[in-house]
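Number of protein chains: 4
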Amino acid sequence: MDEQDSSKIGKALDGFSIELPSWGFANTGTRFGKFLQEGAAIDIFDKIADAGQVHSLTGCCPDLAVHVLWDFTDETPTQAVAAAAGEVGVRIGSINPNVFQDQDYKLGSVANPDAAIRKRALDHLLASIQLGQELGSSLVSLWFADGTNYPGQDCIRRRKRAFSEALRTCHEALAPNQNLLVEYKPFEPAFYHTDIADWGMALLLAKEAGPQAKVLVDTGHHYSAQNIEQIVAWLLDEQMLGGFHFNDRRYADDDLTLGSIDPYQTFRIFAEIHSCQQRDPGLVNSIAYMVDQSHNLKPKIEAMLQTAMVAQEYYAKAALIDWTILDEARQRGDVLDAERVYQKAFRTDVTDALVAWRQGRGLAADPLLAFRESGYLERVSEERSQRRERLGLGTGSSYA
Amino acid sequence: MDEQDSSKIGKALDGFSIELPSWGFANTGTRFGKFLQEGAAIDIFDKIADAGQVHSLTGCCPDLAVHVLWDFTDETPTQAVAAAAGEVGVRIGSINPNVFQDQDYKLGSVANPDAAIRKRALDHLLASIQLGQELGSSLVSLWFADGTNYPGQDCIRRRKRAFSEALRTCHEALAPNQNLLVEYKPFEPAFYHTDIADWGMALLLAKEAGPQAKVLVDTGHHYSAQNIEQIVAWLLDEQMLGGFHFNDRRYADDDLTLGSIDPYQTFRIFAEIHSCQQRDPGLVNSIAYMVDQSHNLKPKIEAMLQTAMVAQEYYAKAALIDWTILDEARQRGDVLDAERVYQKAFRTDVTDALVAWRQGRGLAADPLLAFRESGYLERVSEERSQRRERLGLGTGSSYA
Amino acid sequence: MDEQDSSKIGKALDGFSIELPSWGFANTGTRFGKFLQEGAAIDIFDKIADAGQVHSLTGCCPDLAVHVLWDFTDETPTQAVAAAAGEVGVRIGSINPNVFQDQDYKLGSVANPDAAIRKRALDHLLASIQLGQELGSSLVSLWFADGTNYPGQDCIRRRKRAFSEALRTCHEALAPNQNLLVEYKPFEPAFYHTDIADWGMALLLAKEAGPQAKVLVDTGHHYSAQNIEQIVAWLLDEQMLGGFHFNDRRYADDDLTLGSIDPYQTFRIFAEIHSCQQRDPGLVNSIAYMVDQSHNLKPKIEAMLQTAMVAQEYYAKAALIDWTILDEARQRGDVLDAERVYQKAFRTDVTDALVAWRQGRGLAADPLLAFRESGYLERVSEERSQRRERLGLGTGSSYA
Amino acid sequence: MDEQDSSKIGKALDGFSIELPSWGFANTGTRFGKFLQEGAAIDIFDKIADAGQVHSLTGCCPDLAVHVLWDFTDETPTQAVAAAAGEVGVRIGSINPNVFQDQDYKLGSVANPDAAIRKRALDHLLASIQLGQELGSSLVSLWFADGTNYPGQDCIRRRKRAFSEALRTCHEALAPNQNLLVEYKPFEPAFYHTDIADWGMALLLAKEAGPQAKVLVDTGHHYSAQNIEQIVAWLLDEQMLGGFHFNDRRYADDDLTLGSIDPYQTFRIFAEIHSCQQRDPGLVNSIAYMVDQSHNLKPKIEAMLQTAMVAQEYYAKAALIDWTILDEARQRGDVLDAERVYQKAFRTDVTDALVAWRQGRGLAADPLLAFRESGYLERVSEERSQRRERLGLGTGSSYA
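Top line first, the protein sequences correspond to chains A, B, C and D.
The numbering of the first sequence is our numbering, which starts it at 1 and goes up by one.
The numbering of the second sequence is our numbering, which starts it at 1 and goes up by one.
The numbering of the third sequence is our numbering, which starts it at 1 and goes up by one.
The numbering of the fourth sequence is our numbering, which starts it at 1 and goes up by one.
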């Protein structure tokens, strides 16, 4: 790799930071059960500590997304959370309300047929926005499980309008520095229709809500074969791309590690962002790069380290695309040469450049290896096992 | 069936008319070849004659969509076409430009990298709009094959902007009574990305083009498992539903007979329209119900007759949904009872009501049977075979 | 409907019985949580009571599938279970081992890299076969969650061979009246590869295991767009169809009510069975029709009643196909007429014939209505709520 | 890259040769039309010349598959074909009969309802086997378009049996050195059911036909999300993998360049073959690596050069997997480390090793560049354009 390429990669990585999800450090699983890990985080302070580890080793994960219901009980002192984060060098990132888990939300949250439940959901959203202001977070990230399981179950248009209204109300409650991210997902847990099923629905609702609302692209929330990078390109061009939830999948919302199934797609998504930065830098405002993965098999912290490293790898590769040569090939209609510009960047092994970037910041060449050698996991596993026992925390649940 | 239900069906059918596609009467096929039919239409006058047959037998197909390139050669006298249609009781319906077949369009039409080709495509679109005005047609229906086959081949955002510009120009050329329908399709013939790939893209482009532009839903142009009736509901609610291309599919854009693979989906799409007419009649303006099918195995005219009959059948069933009982079930959150309201309507055999509607109009009880007994196909098959020989028309093409 | 058709339906229904799943009466949900029902069954005796209700009302559900882990604790007296079933007129049907829930099975059961875990799983399978013998059940139904989440995670061929070996050992342990059903599923909970992913893999393993092993078709365990009825036809022709798990789905393994999303597919599956019974009755041995659904929204017992009724409805419709007319149309290559024979049967409203069949057995015309009027649900909800509280049973689990 | 890795790659490439398709040099397209190329081959002698170019530049494409109908007219002297191939250093590879293009095959070939057409198809298959013997080819490659478009159209089991019978008859006609490859495809051109829809059906038919029949895996003929490398692993383990048709796709059978959409999948497929060669070399007999692509946009010869180069690239990468380290990780259940072994090999840039391999054989470092500099395309384009005009060959066909 010549110096110019190394420099492109260095510059790209300097501007690329990734938010980790607090729930990525806790035990999660599938509907058939969870495979529990001794070292899994128990409370928000564990999660902050784990996120601090990942950030201190990778240097690129300064933010931690929090899930209101799972991270903030009535007894959790908000300021203590912010302080704990500060101590390990991370900030509280996006605030994620939870309006899907409570028994009340069986038939939906803000689109529930029952007005009292709709209000309850809205109140939680408004409280989450308020919590974000208290924590100094600039992002409220909304995912709704709302939908129906059977044809005829509810009126699709009534529910659409209920969403419009709720999101408008949320938007009015935003502080000037807060953005509202609207996520879409085709299915699961709703199996006949999901109220915000695709990027078009999220876009319409976000536009209607107001200028601080943007669309959140979860890379696992698409139909089979759907072209995600095209959606990213369109959202960029409409100035409506709020951010990403990184993960990978083969079938449904499998929540696997980014790039583990289709690494070329990860590269192509990043290519659209680099392309936009090249030609229309004004369109690329702050994009929130967030991880949303559910690791049932991989160790939690290792999985997050790997994700950050993989994201950097493909972001760096995409930074190597030679836009000048590409434009020439495109202009003369040379399909094959244009494709080869992409393939050349993708093929380039950027390992050394990543190591150089890390060493330039005093980071370990291989964060994963450094983590394994640190003994951190062994320490917290022991402590958390004991605490789990002390707290009488269960050992998982059964499908039926 | 009680009188009230018969009356609902009668009223529904009175307001339900279907446009036939001229190309549905010609020989078409798959990339592996066409199975030719002696009775297939050769020119626009044959197609008009065939469409006239379908309308005279079903009473519900008064319009004929035309494809500019296939139906109008330089020697085709426009007024003669309109006159021929008038003679058999049909009108020229939507005008369909063709900017995909010519060798120039290898890399796209209005999004081609080459400005001269973009202009050529735009000129054809404008000429088609003009043709529509001459023929007294109120619809211009736009399907674009534009897209790319390989990652990197072209700039997605540049192409998006080229589409915006072209559609705005088209919109400016519309007469006050003309509407522009923008169709979307996820793939084929483009296999990496299609410029207008989904309803969200079509909606953004149509909104940007102007108030006379609407979205066209081809029932075969969706991702596997995508909920089409939800898209219909959203488009209705946004007052952006321009019309349909009816067909059915299992895998890709298979262009099979409407309702042949998933009849319950056909019913549910119609249910959304009836629902909107019930609650927000103001939202349902003129929806163009059009057929777009490619029959390689079924006899062309019979397939169109069958399609019209099937469309009426499921439109009639959907008219039987009891919205009052449904609303009560929805309001009390009774998922199962709400579903059963849909199922009851779907289960009802409406054959007798359809026959009654036909007989009330002096039509045959079974249009397909009546057609077979009429001898029409035998007559035109003989004449067209001879004409085909006289004209030296080939007998199909080879894949490679 | 003429007498001949009524008679066909009556005869068909006489030979059509459905096995209910014990877990269908318990609280289940998605990975995002369970919506709990007061009336949900707590233990195997509740499940038997509920199944008894469904059978006494429908007359067509004489068997109850049991899940070894969920239904049989160390303290459950096997004979008491059989006796309780006998009291409400049902039999213990298929035995379902569970080798996916325990923490040991994180990396698989009989294909685990660890020989000790493989042995543990096999021991459970053998114990389940033994349990089946004790309970007088003739079916052991095997579903394996085994698979991997990441490329490279494990050796696909080693795992395949481990399965061959385990299933052969199981087969050797069967009593002469026992059959082994091998289920397949493309994904979930494994997301990169599932060891028994499709019918071809299940078939190879079953054939290798021995003559008492057959394939189990779960209607929700297929790729999008895959033709299930063709698989059924092939398995029938190979004499390898062991039975079904009935449910419906739109996206993944959604476990919705049979026929709720694609009723025509349900009809077509039954049509293949009727077709085989017509032409090659020798091929159709006992097919186990079983339900496997997970109801998070619908009341459990009502959902089972509805499922049984829907299954009967489409089984009855498929019995109306006129094979003579169909054969003639097929022989002369009349695609449209052949299709219309299917459509005619599907369109026929068989409600009255079902009512007649029920009344001829002293059953209520509408089992669902009769159940609602019986007060059963209110009684058990009260009793089970109290018992749940007494036993200190939790109120669900959290995703993270 | 160290010497050991270079040596692994060299050894792998030495044993890796690819068969080109004669139809890959002719004009092909989609059902919407063909974009014609001046340099496209007109007859079998052009195709041989073009294939010779590709082989002389890449050194890895010594075989040319032929399509009986498209390459052999009644006037084509069989021996002249073999001689022409010999002159440019290629051999005639697999023989591909064509039983889908003729009008007779509208309702199928060997499964047609009409016995006369079944016989005609079988005769063509037998003639193709005979032709293979005359040409010294050891492979007969069978792809059938047989299937139906509508539920009820034909009897699935009757058609299955017709296939069994036909393939048995074909097998009996094989010379001892001939193998029969049975290809599967889920859909297109049949849209309701395809007679040989998946690998399980192909396997059953091949096993029944006889020991010289194997399964052919076309990488584009699978359901969305289906795990192709698992199918490859199973076929290897069953000693039933006959070969591949290489291409890539995103949606349907898009026939794009291998590795252009999902390069990691290409790598994983090759990984299964290397894995089997490592552990069970006895299972890996001759696998026919064949290309089957339809280039509508890319220049034909360039596309073939690129395909050969890409195939070598990913075959070489997969050769770098460290099976020892992988086994250790798998054995200790380290999911993440096992995955990283795959990722390390995939990430390695093998460009230099490929260049070294080529230069060791006196080949150009970049065959594509060398081809462009050779002037071959310009020469044949001119000659073929003139010949096309002389022969009065048409300029494409219209969809409707």
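Check before you lean on any hint, since a few could be wrong.
Treat identical chains as interchangeable: a pair holds within one or across any two.
The list that follows gives simulated cross-link-like pairs (lysine-lysine, DSBU-like), each with its CA atoms no further than 35 Å apart [what the hints assert, rightly or not]:
(1) K8 / K344
(2) K207 / K11
(3) K11 / K344
(4) K119 / K8
(5) K207 / K344
(6) K11 / K119
(7) K344 / K106
(8) K106 / K11
(9) K119 / K344
(10) K119 / K106
Hints were generated in silico from the structure; no laboratory data involved.
Cross-check of the supplied hints:
1. K8 / K344: Both. Shortest intra-copy (15 Å) and inter-copy (23 Å) distances satisfy the 35 Å Cα cut-off.
2. K207 / K11: Close inside one copy (33 Å), not across copies (38 Å); limit 35 Å.
3. K11 / K344: both (19 Å within a copy, 24 Å between copies)
4. K119 / K8: neither (50 Å within a copy, 38 Å between copies)
5. K207 / K344: neither (38 Å within a copy, 39 Å between copies)
6. K11 / K119: So K11 and K119 fail the 35 Å test inside a copy (47 Å) and across (40 Å) alike.
7. K344 / K106: between (50 Å within a copy, 25 Å between copies)
8. K106 / K11: Neither way: K106 and K11 sit 48 Å apart in one copy and 38 Å across, limit 35 Å.
9. K119 / K344: So K119 and K344 pass the 35 Å test across copies only (33 Å; inside, 54 Å).
10. K119 / K106: within (15 Å within a copy, 41 Å between copies)
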